[in-house]
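A.B. asks: Chain by chain, the residues run as shown.
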Amino acid sequence: MSFLHLAILSPLIYSLFMIFFKKFHRIHTGWFILPLPILLFIYFLSFLPVTSNQKMVTETFNWIPSLGINFTAKADGLSLLFALLITGIGALVVFYSIYYLDRMKEKLPSFYVYLLLFMGAMLGVVLSDNLIVMYAFWELTSFSSFLLIGYWYGREQSRYGAQKSMLITVFGGLAMLGGIILLYIMTRTFSISEIAAESHSIWGNSLFIPALLCILLGAFTKSAQFPFYIWLPDAMEAPTPVSAYLHSATMVKAGIYLVARFTPVFGDSGVWFWLVSGIGLITLTWGSIFAAKQTDLKGILAFSTVSQLGLIMSLLGVGSAALHYADLDENIYIVAVSAAIFHLINHATFKGSLFMAVGIIDHETGTRDIRKLGGLMTFMPITFTVSIIGAFSMAGIPPFNGFLSKEMFFTGMVRVTEMDLFHLETWGILFPVIAWVASVFTFVYSMILIFKTFTGNVQLEKLDRQPHEAPLGMLIPPVILVSLVVIFGLFPNLLSDSLISPAMAEILPGLLGAGEEFTVHISSWHGFTIEVFMTLGVVILGIILYRTFPKWKTLYSKIPERMSLFRLYDQLVEGAQSGSYKLTKSFMTGSIHSYLVYIFAFFIFILTATLIGKGALKVDTGNVSAIGIYEWILALFVAAGAISILFVKSRMTSIILLGAVGYTVSLFYVLFRAPDLALTQLVIETISVALFLVCFYHLPKLRKYETRIRFKLTNALISIGVGAVVTVMALSAHSNKLFDSISKYYVENTYEKAAGKNMVNVILVDFRGFDTLFEITVLAIASLGIYGMIKLRGNRRKEG
Amino acid sequence: MKKTNNIILETALKALLFFIVLYSVYIFTAGHYYPGGGFIGGLMTSGAIVLLLITYDIKTVQRILPINYRIITAIGLLFAIGTSAGSLFFNVPFLTHAFTHVELPVLGDLSLHTATLFDLGVYFVVVGVTMTIIQTIGEDE
Numbered sequence: 001m002s003f004l005h006l007a008i009l010s011p012l013i014y015s016l017f018m019i020f021f022k023k024f025h026r027i028h029t030g031w032f033i034l035p036l037p038i039l040l041f042i043y044f045l046s047f048l049p050v051t052s053n054q055k056m057v058t059e060t061f062n063w064i065p066s067l068g069i070n071f072t073a074k075a076d077g078l079s080l081l082f083a084l085l086i087t088g089i090g091a092l093v094v095f096y097s098i099y100y101l102d103r104m105k106e107k108l109p110s111f112y113v114y115l116l117l118f119m120g121a122m123l124g125v126v127l128s129d130n131l132i133v134m135y136a137f138w139e140l141t142s143f144s145s146f147l148l149i150g151y152w153y154g155r156e157q158s159r160y161g162a163q164k165s166m167l168i169t170v171f172g173g174l175a176m177l178g179g180i181i182l183l184y185i186m187t188r189t190f191s192i193s194e195i196a197a198e199s200h201s202i203w204g205n206s207l208f209i210p211a212l213l214c215i216l217l218g219a220f221t222k223s224a225q226f227p228f229y230i231w232l233p234d235a236m237e238a239p240t241p242v243s244a245y246l247h248s249a250t251m252v253k254a255g256i257y258l259v260a261r262f263t264p265v266f267g268d269s270g271v272w273f274w275l276v277s278g279i280g281l282i283t284l285t286w287g288s289i290f291a292a293k294q295t296d297l298k299g300i301l302a303f304s305t306v307s308q309l310g311l312i313m314s315l316l317g318v319g320s321a322a323l324h325y326a327d328l329d330e331n332i333y334i335v336a337v338s339a340a341i342f343h344l345i346n347h348a349t350f351k352g353s354l355f356m357a358v359g360i361i362d363h364e365t366g367t368r369d370i371r372k373l374g375g376l377m378t379f380m381p382i383t384f385t386v387s388i389i390g391a392f393s394m395a396g397i398p399p400f401n402g403f404l405s406k407e408m409f410f411t412g413m414v415r416v417t418e419m420d421l422f423h424l425e426t427w428g429i430l431f432p433v434i435a436w437v438a439s440v441f442t443f444v445y446s447m448i449l450i451f452k453t454f455t456g457n458v459q460l461e462k463l464d465r466q467p468h469e470a471p472l473g474m475l476i477p478p479v480i481l482v483s484l485v486v487i488f489g490l491f492p493n494l495l496s497d498s499l500i501s502p503a504m505a506e507i508l509p510g511l512l513g514a515g516e517e518f519t520v521h522i523s524s525w526h527g528f529t530i531e532v533f534m535t536l537g538v539v540i541l542g543i544i545l546y547r548t549f550p551k552w553k554t555l556y557s558k559i560p561e562r563m564s565l566f567r568l569y570d571q572l573v574e575g576a577q578s579g580s581y582k583l584t585k586s587f588m589t590g591s592i593h594s595y596l597v598y599i600f601a602f603f604i605f606i607l608t609a610t611l612i613g614k615g616a617l618k619v620d621t622g623n624v625s626a627i628g629i630y631e632w633i634l635a636l637f638v639a640a641g642a643i644s645i646l647f648v649k650s651r652m653t654s655i656i657l658l659g660a661v662g663y664t665v666s667l668f669y670v671l672f673r674a675p676d677l678a679l680t681q682l683v684i685e686t687i688s689v690a691l692f693l694v695c696f697y698h699l700p701k702l703r704k705y706e707t708r709i710r711f712k713l714t715n716a717l718i719s720i721g722v723g724a725v726v727t728v729m730a731l732s733a734h735s736n737k738l739f740d741s742i743s744k745y746y747v748e749n750t751y752e753k754a755a756g757k758n759m760v761n762v763i764l765v766d767f768r769g770f771d772t773l774f775e776i777t778v779l780a781i782a783s784l785g786i787y788g789m790i791k792l793r794g795n796r797r798k799e800g
Numbered sequence: 801m802k803k804t805n806n807i808i809l810e811t812a813l814k815a816l817l818f819f820i821v822l823y824s825v826y827i828f829t830a831g832h833y834y835p836g837g838g839f840i841g842g843l844m845t846s847g848a849i850v851l852l853l854i855t856y857d858i859k860t861v862q863r864i865l866p867i868n869y870r871i872i873t874a875i876g877l878l879f880a881i882g883t884s885a886g887s888l889f890f891n892v893p894f895l896t897h898a899f900t901h902v903e904l905p906v907l908g909d910l911s912l913h914t915a916t917l918f919d920l921g922v923y924f925v926v927v928g929v930t931m932t933i934i935q936t937i938g939e940d941e
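Those protein sequence lines, which keep their order, are chains A and B. As numbered in the numbering used here, residues 1 to 800 make up the first sequence, in order. As numbered in the numbering used here, residues 801 to 941 make up the second sequence, in order.
Note that these hints are calculated values from the structure, not bench results. No false leads were slipped in.
Residues from chain B shown here face chain A by an in silico Cβ test under 8 angstroms; the list is partial:
(1) Gly831
(2) Ile840
(3) Arg870
(4) Ile881
(5) Ser884
(6) Ala915
(7) Val929
(8) Thr932
Here a beta-carbon is modelled for each residue, glycine too, at the ideal position from N, C-alpha and C.
Starting from the given sequences, assemble the full structure and let the hints guide the process.
C.D. replies: What follows is the structure in structure tokens.
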């Protein structure tokens, strides 16, 4: 186990020490946690020189080598980018949570255990090269985020949100597992790098498209893409540090990571291009439109996260088209991939800071409802500064980093129109148009977020507390993030060579020759291009729409509630519950009669089907012995007795008739020369008739009324059917005798080997004594059961 | 249970019981050569005891035969399993029987067979089981 493995597992191991931290009541548990993400961040920074030279670090730790499942940790450009995001933002979130969560009121150990579990799981997802190991960590992220969302488990809404996110992400996770297995079937390996290296061999395989769909399902559910985004707004019930960490910077980007990671494998297919970029664009637009409708600050941020994730997703989809153009210098679609990675970083910075700012507002005023808030600018100047920078970056306003990535986004989308594959000659124009519309709405909700909260009139009477600025510790993390927003905005090429270019090399590996690397140059001004005018249009139309927002806001209420996906999910869950309840109720009637009907109907069906299907139906009377007069008479007796049982009125009569049938059977044994059987049958029949009579004697008086068996058509049909099927089967079995009986052996050896002359008895106690041994055990159990039922009745009565 | 002076039944029982028990022992011991064996022998012995039960009441019969039939069942199972497992000590598979002919002074040529011990287990179990069932149901109110 190498140091890299240890680094991945360190949060999980560290969480075990939480019981010791609990002892220090006076110190906030978060202080003990804080050093770990910082150390990890520094540790991962040490990989930068390696990865920026297109190299990677691979360490293998054998787990289940016989199945090809080994914990292979691989740190390359793409993994490292995510690892730095996870640990860096993780450290800030832990710091923020120290001031956000109260030491006395909250159950801090559980919070930090869940958070550490999540951090370790995320690191495992991005740094594993083995798909099964990655899947294990993937489910651990779902599980730990379930725990974190339900952290305040006393609240109904928290539990609902946690359950919803669990159901949706685990659904996608299982689909992903299916995709992984399909990939394994095609390539016989679980290693992502090996699959990517021989990806051309699986193109055109019949399992290629199913595997692609399964993997994408996993990525879309995790990254809250349309229509699976519905869990994310409900996950806002989590504590704000959790929302900032999981639902803006890390977990929701696991799907992005997955898509980026699998682009070398699947990126060549048109299905991949259309699904990733199409779903991304739909999510982008849908999320941005509905974000403006929200009145809860975290609701706005949740929908904006959905929308921004859609943006990154669509960029990755468009970037996969670059694989079709081999020429590196002329390849204009590479910019989409660099835009995706750049925006990934930017989104983590500004969305993290916005969540933290919202957390501060919630913490200091007691509400997140923008209808109650307003005019907080003078009370919270620092929070206001943080928010306005974050929101302007989100809206794509210069000079912040969001502006740059939005420009690159437009560039990528505009260049789609020049593509000449996947029918893009005709449909390509949709891409920039949709992207532009979505950006306008992004601008609108960013403005709502800022100006509804911080400007206007203060409504002190609606607030629980007198608003004031947050403590310094709470402000430091968002300020750090916001300064990154500004720094990346002013010096965008700071990260190009160290992070963005190596990550791109992992997403588009086929395009690079030996020793080559992508040159990423992000500039804030490149002349009067179409992108600039698009941004200008976004700002102008955005301002107009924001100004007139109260007028067209009513349009939202025109959308019927029934059409909403949230409603659909609820109906689905409820329908599944009530549907399965109804289904179970419909056949689990609790009546033994109906169960017997199912059993016998199935019996008839399966035997008839087999008899006919196998062609076994055959009646051969060649080897049948002659039937004598005695047999006829006895058969008549048995039949008469059996049939008359059905028609007698009194139970007593039917018991006696049953005895008559039993005694006739023993006569049959006499006739067919089975003296032992005849003896036993006689005695046993006597005993069972006596027991029947005892039962009859003990029947409660109320039930003793005498009546005939009522006629029911189903019963008659089924009993006739069973009789007919069994008869036909017996005849066919007799006619299809394939081998001689083995009884010859017994005849010859009964005296020679077992020193007996009664063959039946010798078989029972010697040749096949094992059966007898357990038959007498059955008898013993039966007698003890009767003894227990009768003697221990008193106890039951007391309990009941 | 016993209400009237049932002198004919009681007298007849005294003569019959002996024959029934004797017949059941015969049918048990002859089982390896003629129809019969532990099962039917056990059933007949319990038949004799049932006849006792019918003639007298349960308490009287328990005084005559102070037997706990559940223990008889257990003894029978022990016999059967012991005979079967005994073969393991002689390095042969489970349930391998052994037999031999012995010349005894009075009884003459006698064949001894471990299968008889197994059958004796069956006999005891059957007696124990039947009597347990009948007695428990009979005692129930």
